Amino acid sequence: MSMEFILGHLNYWLFIVLMMIGFYIVVSRGNYIKKIVGLNVFQASVFMFYISISNVTGGTAPIFPVDMNIDPDVIYSNPLPHVLILTAIVVGVATTSLGLALIVRIREEYGTIEEEDILEMDSAAQASENLKEGSSMGGRA
Amino acid sequence: MSSSPEQTALTIIDQLPVLTVVVPMLAAPLCVLFGNRHIAWIITFLASLLSFLFAFHMLFQVLDGDVLSYHLGGWAPPLGIEYRIDAANAFVLLLISGISTVVLPYARKSIEHEIKKVSHTLFYCCYLLCFTGLLGMVATGDAFNIFVFLEISSLSTYVLIAMGAERDRRALTSAYDYLILGTIGATFFVIGIGFLYMATGTLNLADLNVRMAGMEDNRTIQAAFAFIIVGMGLKAAIYPLHLWLPSAYTYAPSVVTIFLAATATKAAIYVLLRFMFSVFQPDFIFELNTLTWIIMPLAIVAMFAASLIAVFQTNLKRLLAYSSVAQVGYMILGMGLASTTGLTATIVHLFNHGITKAVLFMVVGAFVMRTGSSFAKHLTGLGKQMPLTCGAFVIGGLSLIGVPGTAGFISKWVLIDAAFQQDLWWLALLIVASSLLAVIYVWKMVEVLYMQPAPEGVIVKDVPISMLVPMWLMAIACIYFGLDTDLTLTSARVAAEGLLAGGSN
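These protein sequence lines are chains A and B, in that order.
Residue numbers are given in our numbering: position 92 of the first sequence equals residue 92, and the series is strictly consecutive.
Residue numbers are given in our numbering: position 197 of the second sequence equals residue 197, and the series is strictly consecutive.
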């Protein structure tokens, strides 16, 4: 793997590192808010990926001049991924806010937002249900 | 079709592909604006009924192999967004809108027992948004548009599931778990689309297919395939990715469970079908390998493992949820066979399982309403006290097993036929064997309902007529589509042929 290859794909390396950081936070953290933060990092990496692939070498921002005298020599970057990512950002915001709203409700009902404690309470509820209703296989999974 | 001048003179019929999706979308804010739960119900029902009629009309337009192409805003594809209706999506649209239209009259009474009255308006709004998202995912012919609609339906699904918190607080944690998993799945899907766009420079599904020809060895295309299959597989609850499903179905309000079980995974399976067979081609070696060595084994594992878990459940809702995971196994098994008959089996099973699960979950909803529980222990002897409800359960159960004369039989028959066409007799045996597991769990419930004595002194009435009629409509549909297979099999075959023909038609 030459240096040129590594530098030439810099945006992909960054995308992968950021994506894995986000993913790792989602998987490893027990705090529900931290999970949402991880999810945000994960999504942000995808936004960066889309924006970086739309770059054209030597290209400028894809905005036509006001008088619409388009100079054919000027190279523009591809605007489409930008537009797509605007939509994806909105979706990300909606997901985050819904996630946080759910966390508020979870905190009201359980009194905690730590996954470990909640799992414990849920499996206790499951166990008492099993005792009352007859045992069953499979808990929260 | 290009953007020729006659495009300006579109009739209402030409607008149907987009109207199917737009009508429920615009109806959703209307519900909130009126702010009255009765008006909200009427609006929801009308929107759903209109979508159903549109889907019905479109299906008959495309049954001879035609394709309806609608250009959003008059921008011609591949640059503009295209709504492309062929037999495959028209059939799935019909299923989704049909189930929704039948579920809604049932929903009215059911949610009165499960959700606070103040939240009803918002419930209908979320329901409509979820409905819009599912229809949009199926109707659109643009890859990124699928993602947007997927998220519309997912976000509203999380809310709908969390509404079960009034009965059990675990609805909140299952909604949260689903939110995390669902968002990861959807983001994987977007990454896949990003790779596809990098490699081909287009987002139109038909155009993707054309431009991808001969790019089989392109690593970007292969990565895109992997990301899309995993992302959509999560939504479709393909076996190891099903972990969100049992809890979500168990703790969601009954109506939500009915609607999701009958439609949500089906829309995801449709998108998988579309990507596997009309965007990517099965003659790509990497896709063929995936189908044979990943999808098929997972399907078989799902058929057995999930059915086996279902056998040991005491909560009827959770039992049926695991059975759903197993049934998704049959659907992706047909996909894995990658033949016209295999795909026909998948699409027929999509439909037949949709109506079957609708009946069964409607019955469970009725039990929850009358006894306050879906645990087997509280349902003993209900066969005498709620004869009509339990009768519908028996019909649904028979269809789930695949007894001749019911809808479930037809799809399993086509699936076994597809297995025999490729000389996979062992596969046919496995299909029959896993159906026997379904016999066990259905019989277990029938025994509880009919053979065990009812608890002393508890008198339970049958549910109101507004719930019985939808339930029996679906139960009769289970039998009707088991005897008269004209509509389902014809549509599914045309759909399968259309999918395999790819973007070439």
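Do not rely on the hints blindly, as some may be mistaken.
Within a straight-line C-alpha distance of at most 27 Å, the following computed DSS-like cross-link-like pairs (lysine-lysine) qualify [claimed, not checked]:
{"id": "1", "chain 1": "A", "residue 1": "Lys132", "chain 2": "B", "residue 2": "Lys384"}
{"id": "2", "chain 1": "A", "residue 1": "Lys132", "chain 2": "B", "residue 2": "Lys461"}
{"id": "3", "chain 1": "B", "residue 1": "Lys444", "chain 2": "B", "residue 2": "Lys377"}
{"id": "4", "chain 1": "B", "residue 1": "Lys461", "chain 2": "B", "residue 2": "Lys116"}
{"id": "5", "chain 1": "A", "residue 1": "Lys132", "chain 2": "B", "residue 2": "Lys444"}
{"id": "6", "chain 1": "B", "residue 1": "Lys117", "chain 2": "B", "residue 2": "Lys444"}
{"id": "7", "chain 1": "B", "residue 1": "Lys444", "chain 2": "B", "residue 2": "Lys384"}
{"id": "8", "chain 1": "B", "residue 1": "Lys461", "chain 2": "B", "residue 2": "Lys377"}
{"id": "9", "chain 1": "B", "residue 1": "Lys117", "chain 2": "A", "residue 2": "Lys132"}
Keep in mind the hints are simulated off the structure, nothing from the lab.
Predicted, not measured: the structure shown is a model, and the values here were computed from it.
Which earlier hints turn out false for this structure, listed by number in ascending order? When the structure is compared with the hints, numbers 6 and 9 turn out to be violated.
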